[in-house]
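Participant: Below, each chain spelled out in residue letters.
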Amino acid sequence: MKKKVVVVGNGMVGYKFCEKLVSKGGNEQFDIIVFGEEPRPAYDRVHLSAYFGEKTIAELTMAPLEWYSENQIQLYLSDPVTNIDRKKKIINTHQGISLNYDYLILATGSAPFVPPIPGVEKDGVFVYRTIEDLDMMKSHAAKSKIGAVIGGGLLGLEAAKALLDLGITDAHVIEFAPRLMPKQIDQAGSDILKSKLNALGIKIHCNKNTQEISGEDSIEKMVFADGETLKVDMLVISAGIKPRDELAKIAGLEVGSRGGILVNNKLQTSDESIFAIGECALHEHMIYGLVAPGYEMADIVASELMGNATKEFTGFDMSTKLKLIGVDVASFGNAFAEEPDCQTIIYENKTKGVYKRINISNDNKYLLGGILVGDAEQYNMLLQTVNNKLPIPADAEDLILGSRGGESGGESGVMSLPDEALICSCEAITKGQICHEVIENGNDTVDALKKSTKACTGCGGCTPMVKDLIQGILKSQGKVVRNVLCEHFDHTRQELLSLVKIKNLKTYDDVLEDLGHGDGCEICKPAVASILASLWNENVLEKGRLTAQDSNDRFLANIQRGGTYSVVPRIPGGEITPEKLIAIGEVAQKYGLYTKITGGQRIDMFGAHVGDLPAIWEELIAAGFESGQAYGKSLRTVKSCVGTTWCRFGVQDAVSFAIEVENRYKGLRSPHKLKSAVSGCIRECAEAQSKDFGIIATEKGWNLYVCGNGGSKPRHAELLATDVSSEMCLKLIDRFLMFYIKTAEPLQRTAPWLDKMEGGLAYLKSVVIDDSLGLNAQFEADMDALVDSYKCEWKEAVETPEIRKRFVHFVNAPEEKDPTVKFEPLREQIKAEDWNAVLK
Amino acid sequence: MIHLYELFHAMMKPMKNMNNTETITTWILACKVEDIPENGGACVLLDGEQIAIYNFKKRGEWYATQNLCPHKQQMALSRGMIGSTGEEPKVACPFHKKTFSLKTGACLSGDDYEIKTYEVKVENNQVFVAL
Ligand code: SRM
Ligand SMILES: Cc1cc2nc3c(=O)[nH]c(=O)nc-3n(C[C@H](O)[C@H](O)[C@H](O)COP(=O)(O)OP(=O)(O)OC[C@H]3O[C@@H](n4cnc5c(N)ncnc54)[C@H](O)[C@@H]3O)c2cc1C
Ligand code: SF4
Ligand code: FES
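In the order they appear, the protein sequences are chains F and S.
Numbered continuously in the working numbering, the first sequence closes out at residue 842.
Numbered continuously in the working numbering, the second sequence closes out at residue 405.
A couple of the hints might just be wrong.
What the hints assert, rightly or not - When the alpha-carbon atoms are kept at most 20 Å apart in a straight line, the in silico SDA-like pairs for lysine to any residue are as follows:
(1) F:Lys456 with S:Asp385
(2) S:Lys346 with F:Thr822
(3) F:Lys807 with S:Pro311
(4) F:Lys452 with S:Leu382
(5) F:Lys453 with S:Asp385
(6) F:Lys452 with S:Ser383
(7) F:Lys145 with F:Phe226
(8) F:Lys807 with S:Lys306
(9) S:Lys371 with F:Asp552
(10) S:Lys371 with F:Arg563
(11) S:Lys331 with F:Glu804
(12) F:Lys545 with S:Gly334
Stated by the list, open to error - With beta-carbon atoms standing in for the labels, derived distance ranges:
(13) S:Leu405 with F:Lys503: 45 to 51 Å
(14) F:Ile599 with S:Arg333: 45 to 51 Å
(15) S:Glu335 with F:Leu202: 48 to 54 Å
(16) S:Leu405 with F:Ala311: 56 to 62 Å
(17) F:Val116 with S:Leu405: 51 to 57 Å
(18) F:Leu828 with S:Glu335: 26 to 32 Å
(19) F:Lys824 with S:Leu405: 22 to 28 Å
(20) F:Pro716 with S:Thr300: 56 to 62 Å
(21) S:Arg333 with F:Pro393: 55 to 61 Å
(22) S:Glu362 with F:Glu274: 50 to 56 Å
(23) F:Asn443 with S:Arg333: 29 to 35 Å
(24) F:Lys503 with S:Gly384: 44 to 50 Å
(25) F:Thr316 with S:Glu362: 30 to 36 Å
(26) S:Glu335 with F:Val116: 38 to 44 Å
Bear in mind the hints are in silico, worked out from the structure with no lab data behind them.
We treat Cβ as the ideally placed atom computed from N, Cα and C, and that holds for glycine.
Throw the hints in and build the complete structure from the sequences for me.
Facilitator: What follows is the structure, given as structure tokens:
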């Protein structure tokens, strides 16, 4: 008869134990039975916050129910184990199941620690650990404005970000210690982090001791030991974790005085047939509150049961990188080592909000540890340098001040690591294993490696390194790494553009027929459609090009939650007459649209049914508007400030020039979207230095900046030319844009394009200013041709019956609108129904 | 509260894996050939249900699936781009580009979703779907 392994707890580590045991053939030797207290199979708690964003429960689930049955694992959910009879080796559960075991695995995790503050039981006070916690927070947040978090550690800060995501506009973090993340970073790092978080809209209060939570039934305010108070509508307590050792205690297993089930190096508890793994286990006075050590424990116990134990648990590196959006924070190795035990190098840039500290051994040979705030790009490499005792450069500061854009950066770095270097610490995958997969098994994409090794599937922090590694290995094998479009085209975008031009191809079908193979897909279709538009500027919806467009281009509008569309007419330079404002108001009123001023100085109308789009545009066109191409990878807006027309400091007419620039490049399709701005003086109110091409007035003319962007990785634009005339400025932009359109990769904006360009800005200058390639005349002629062939595509769409008739939801009932579209009221307007609510 | 979409979804579930050869197929007239753009899809309303029909001209094949994308329950698949992975014909949802096999309805981008597929036939310039 098979022996029985009973697992208590179906969290991340309990699940990982099952997975490891099954992968070692354990389901043939054992009956595996799992009891979970939560109502659903194990999910990815590390990415729990993504539940407030784009992820569903299904996506967070580690493995679906079928996985358990396919592997003959019996899974009981909503049924906690309540009692262990160690003599008889029997467990009892809440729902009355009694079962004997040969081995018992406790993977009960931990619970949030809630300090005994009077009032914690009130409505509106939450903890942050399970899907249910998040659901409750979500419904309470709908009626809250001010929110606070107790605890400024890793989890507390994540909870604070979650409050913002939930629409809380006034968020506070209360920390008892003098600094944030006291376990990971030092005071100087905390100060920088604090100012960064302030900028995100989170207010930080350190050195604050909460004495009482007051309010009728629901929380109303917090009272602190220093006498101050804070009005709040909701509170999340994230003051640390408390190992779930209650079951172990009942069973008389040894537990630590401050909680945690005592285990040895084999993860055995004081009863040799009972093991404890994950956050409930206390090993050498340590509770490991991270997932990677838990996974390691799961692996060790699975090997032990299979009788082929090769290693023991001897502690784990607690280096971390915080994934708070917009702010990188990392600490690694011995972060707090201090002189005279080591030498410390600190780099601090308050304006940029960057703080870096590294600790070097006194003999200058090794990196011991460090702290990164504001910019943690080097984290992976530095961690590897510590863990593998790699030699460091003679000038140790190069480690943190390496040249911008990561010159030699990742690539040579990763390749120099030893084979045993741990690349994915969640899944314990070494560089050697990845090399083996890539070289022997041909798994040379991140997706393939995810499947074959599970690397990158945990916290995802190692993904950039894995990518570099793949590139490095392929290069070292002499394989040219070519960025071919997809499985249907063996060409790069640049090659394809030249070939399409030489062969004079005009539709996607012709391009596929002539230069590709197979049926095409959602990657090559929009890329080729964009090339065709950049080359020929013909209507994107004609000649069968319709279905090669990305969905937004196909309907000349951006699809929104619920399946309606947004309408954005062009408002060049942001200048608009009262008559046109009225026209927009009338259209929005007539079709019941939500209106908003966009971040691009124009007006967006949301909630249009696909069938209403042509009529809406007909009215806008009659009022003198054109398409704003908000849906296209094309020129978006040229923002302006008022400049000399009104402003007392202006030195040039910024509005007129912005309008001229916008009208010149409107409709221009490119590898990615293009944005621009014109400021009337050096005060830069139009934010031109954050644009793909930005123009700033000088006494003598204009300064032209290129290759900047906002977005998730903001980049300042770089100065290309100074004091140029309006005419010269446009010439330079023509050349710059055509060079970009012809050489960039699909969906690569101008900043990463410049980053990848060999020779960088100096080379770009040599091309567009010194004409080193001799192509400038051609670039200008190409741009002139595109400008001359511009037509408003919405005007063509409403006037061409063949195109217009495609704007319906049901082709067999064109008058009928999608009945599943639902709106909710919002401040006298409407909004789309929350799709996460629909999913429940 | 049970939501309309969910009911719709629940109704479709038990039908999957049904063996079409053993049931009597009823063909319902859906639309004309030119209503569906070449190498793309469009939506029809049949018996109160939203069905996406695709004219895969490149392969000379027609397909039909539910219009609802199971990811965020959006009525959107008919507006997605179609194409193939290897030999498998697929549609990509316009919202987050999850892809689904047009033949089996399986999700090809690694998630645990499945969509309902229907048989299609074209006669005399008219498109019929088997419900
Ligand atoms: C409407 C608007 C927000 C608003 O209400 O203000 C907006 C809305 C969207 N932005 Fe934006 N962005 C808007 C201004 C901006 C700005 C500000 C600006 O242009 O000065 C930025 C930062 C500047 C920049 O791009 O460099 C901005 C950076 C992004 C990014 C990040 C780009 C990047 O390179 O990192 C994306 C994502 C992308 O394009 O991949 C994005 C993508 C989007 C998309 C297209 C997301 C999507 O696919 O659905 C949103 C669609 C809007 C729609 O349906 O109409 N949006 N977005 C703004 C429209 C401006 C306009 O009039 O056209
Ligand atoms: C918001 C958040 C963000 C995080 N971010 C990170 C991060 O970035 N990096 C990182 O490494 N870690 C992170 N963590 C920590 C990580 O999630 C945990 O380390 C990991 O989940 C521990 O796994 P576990 O299986 O030990 O515990 P858990 O995942 O808590 O699972 C334990 C399970 O056992 C169940 N259980 C308890 N008692 C019983 C019983 N008697 N019978 C049956 N079932 C029982 C519980 O209900 C629970 O489902 C984060 C945690 C949270 C909450
Ligand atoms: S940049 Fe500012 S100060 Fe200068 S002209 Fe524009 S609005 Fe005036
Ligand atoms: S709604 Fe279809 S992929 Fe997200």
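Participant: Kindly indicate which numbered hints from before are broken by the structure, ordering the numbers from low to high.
Facilitator: Going through the list in order, the structure violates hints 7, 18, 24, 25, 26 and respects the others.
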